[in-house]
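4 protein chains.
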Amino acid sequence: MEDDRARKYFSCNDRERAAFEAGIKLGTIYHQFVGAPVSLRNVESLEKAIEEGCRVQPFVESCTVKISREKIREKRNEYNYTTLSPSMLDVELIIRYREVRLKARLKWVEELRYPLMFIEEVFEGTRRIDGD
Amino acid sequence: MEDDRARKYFSCNDRERAAFEAGIKLGTIYHQFVGAPVSLRNVESLEKAIEEGCRVQPFVESCTVKISREKIREKRNEYNYTTLSPSMLDVELIIRYREVRLKARLKWVEELRYPLMFIEEVFEGTRRIDGD
Amino acid sequence: MEDDRARKYFSCNDRERAAFEAGIKLGTIYHQFVGAPVSLRNVESLEKAIEEGCRVQPFVESCTVKISREKIREKRNEYNYTTLSPSMLDVELIIRYREVRLKARLKWVEELRYPLMFIEEVFEGTRRIDGD
Amino acid sequence: MEDDRARKYFSCNDRERAAFEAGIKLGTIYHQFVGAPVSLRNVESLEKAIEEGCRVQPFVESCTVKISREKIREKRNEYNYTTLSPSMLDVELIIRYREVRLKARLKWVEELRYPLMFIEEVFEGTRRIDGD
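Residue numbers (our numbering), protein chains in the order written: chain A, 39 to 170; chain B, 39 to 170; chain C, 39 to 170; chain D, 39 to 170.
Heads up, some of the hints might be wrong.
Repeated chains share a single entry, so a pair holds when one copy, or any two copies, can fit it.
[To be verified] Quick list of in silico lysine to aspartate or glutamate cross-link-like pairs, EDC-like style, CA-CA up to 16 Å:
| hint | residue 1 | residue 2 |
| --- | --- | --- |
| 1 | LYS104 | GLU89 |
| 2 | LYS145 | GLU85 |
| 3 | LYS113 | GLU149 |
| 4 | LYS145 | GLU130 |
| 5 | LYS46 | GLU148 |
| 6 | LYS86 | GLU130 |
| 7 | LYS46 | GLU158 |
| 8 | LYS46 | GLU116 |
| 9 | LYS86 | ASP128 |
| 10 | LYS104 | GLU82 |
| 11 | LYS46 | GLU149 |
| 12 | LYS109 | GLU148 |
| 13 | LYS46 | GLU159 |
| 14 | LYS145 | GLU116 |
| 15 | LYS145 | GLU108 |
It should be emphasised that the hints constitute simulated quantities derived from the structure, not laboratory data.
Assemble the whole structure, with the sequences as input and the hints as a guide.
Have a look at this one:
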């Protein structure tokens, strides 16, 4: 997954690039999938599709998506399903760009009433995030 | 999957209702998922998520989604993936509304240069479509 | 806006076709635009874009979109905007297919806890809907 | 547009934060609006809605969206419209986060066959980008 030909378009350092790529991926997940039909019957296949769709994009080392079963139950309607809303999503993403690893997150933050996307950790070096 | 409380809002017969429901589902698939990241690595999970997301909606008896591997290969870019485009989709849908069954389709029609959504068959009675 | 070359793909009458086309358009609006960033500052341009995007599609005679300012205010967050949710939308659509006119609607129905899409009226003839 | 309460969630410097926010906004534009119906008749209202929808989000100083009329013409079908595709978009975005300004871009890069999102410039201080 090289981007030698793309790199000349960028004016930023590797950490900023990693942050930019993380933002793209979280914006993508949110705006591609919010609104999708979801119930307890298809929630697993939707989680899996979002995760795998994220991982095919450049510089994604890992992606984990959890959709709240509890919020699906609360929003259930006459027809026994609902549509994916921002407050249901919890996404953890690790971007690797060259020597930089960056961990980002999308989750509903109740005190802000907002599905916050944020950077939990950035570091350089070969150490992996999450302990190895 | 009843809709006794919803039915009073409708002024149409059961065949028209089935046609309306089919249109909704195909419009949903197209506009929810076009643009999603796709490559040969995640195409199966994306197909499955679209199918299952369709089936949780009311009056869907079955839904089959095929995404063209050939067109994914043609569109592959620098980063070895692409995004779902209308011409990649082939969807078959069977709606059942009370005594009516209706088969609808979304597929790229080259002579129109258009991802056509159309009704292949409508009939009433207990016979199932596709032979049983 | 003819569809002589498309018509051969369809097995249904003109009323069913009109119902199908209405369903497509409402599914399109919902799944294309739910999730879009919205506040009191951009609500008008979003309404206009949804309406005009609907009208460029085949067989649409008119389309009116209202997004609830009240619900935007209720959902406002830390950052003073929110994203378009299904309960904010009220859409009125008139489809004309040959001699058939059909009026369809998308609006939040509180008793169903559901953004119901429904057919309000179908008729044949040259009379316009809404009185002229 | 403060985010004092949000800031504690972030572990990064202001330049990285600006890059992250730029990525979010470009991912949002792409995945919210690709697939929307577009023709020469509604292209202006779609551009305006995308721009204004971007500007209501936090830390956006300016956003300019151009949709290629030429590519709309090329893709026109039987029904005289098409849907927004990635190659039609040219977006310029300026993010301001505290003392950092960052200019980002989304445009089709023919040599990569890819709608590249990239960072054109980052700097700190009170000077505005684009010369004033």
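* Pop the pair LYS46 and GLU116 into one bin, within, between, both or neither, using alpha-carbon distances up to 16 Å. => Result: close only across copies, 14 Å inter versus 53 Å intra.
* Asked: Under a CA distance limit of 16 Å, which applies to LYS46 and GLU149: within one copy, between copies, both, or neither?
  -> Answer is between: at 12 Å across copies they meet the 16 Å cutoff, but 41 Å inside does not.
* Quick one: LYS46 to GLU159, C-alpha cut-off 16 Å, is that within a copy, between copies, both, or neither? -> Between copies only: 12 Å across chains, 26 Å inside a chain, cut-off 16 Å.
* At 16 Å max between alpha carbons, let me know whether LYS86 reaches GLU130 within a copy, between copies, both or neither. => within (13 Å within a copy, 22 Å between copies)
* Given a CA cutoff of 16 Å, do LYS104 and GLU89 count as a within-copy pair, a between-copy pair, both, or neither? -> within (9 Å within a copy, 20 Å between copies)
* To do: First find the shortest C-alpha distance between LYS145 and GLU108 inside one copy, then the shortest across copies, and answer within, between, both or neither for a cut-off of 16 Å.
  => Classified as within: same-chain Cα gap 15 Å, cross-chain 25 Å, threshold 16 Å.
* Can you give me the call for LYS113 and GLU149, within, between, both or neither, at a CA distance of at most 16 Å? => between (21 Å within a copy, 13 Å between copies)
* Is the C-alpha distance from LYS104 to GLU82 at most 16 Å within one copy, between copies, in both cases, or in neither? -> within (9 Å within a copy, 20 Å between copies)
* **Copy assignment of LYS46 with GLU158, given that the CA separation must stay at most 16 Å** => between (28 Å within a copy, 10 Å between copies)
* **Intra- versus inter-copy proximity for GLU116 and LYS145 (alpha-carbon distance at most 16 Å)** => between (27 Å within a copy, 15 Å between copies)
* **Within, between, both or neither: LYS145, GLU85 at alpha-carbon 16 Å** => Result: close within a single copy only, 14 Å intra versus 26 Å inter.
* Given identical chains, is LYS109 near GLU148, meaning Cα to Cα at most 16 Å, within a copy, between copies, both, or neither? -> Result: close within a single copy only, 14 Å intra versus 18 Å inter.
Of the numbered hints stated above, none is contradicted by the structure.
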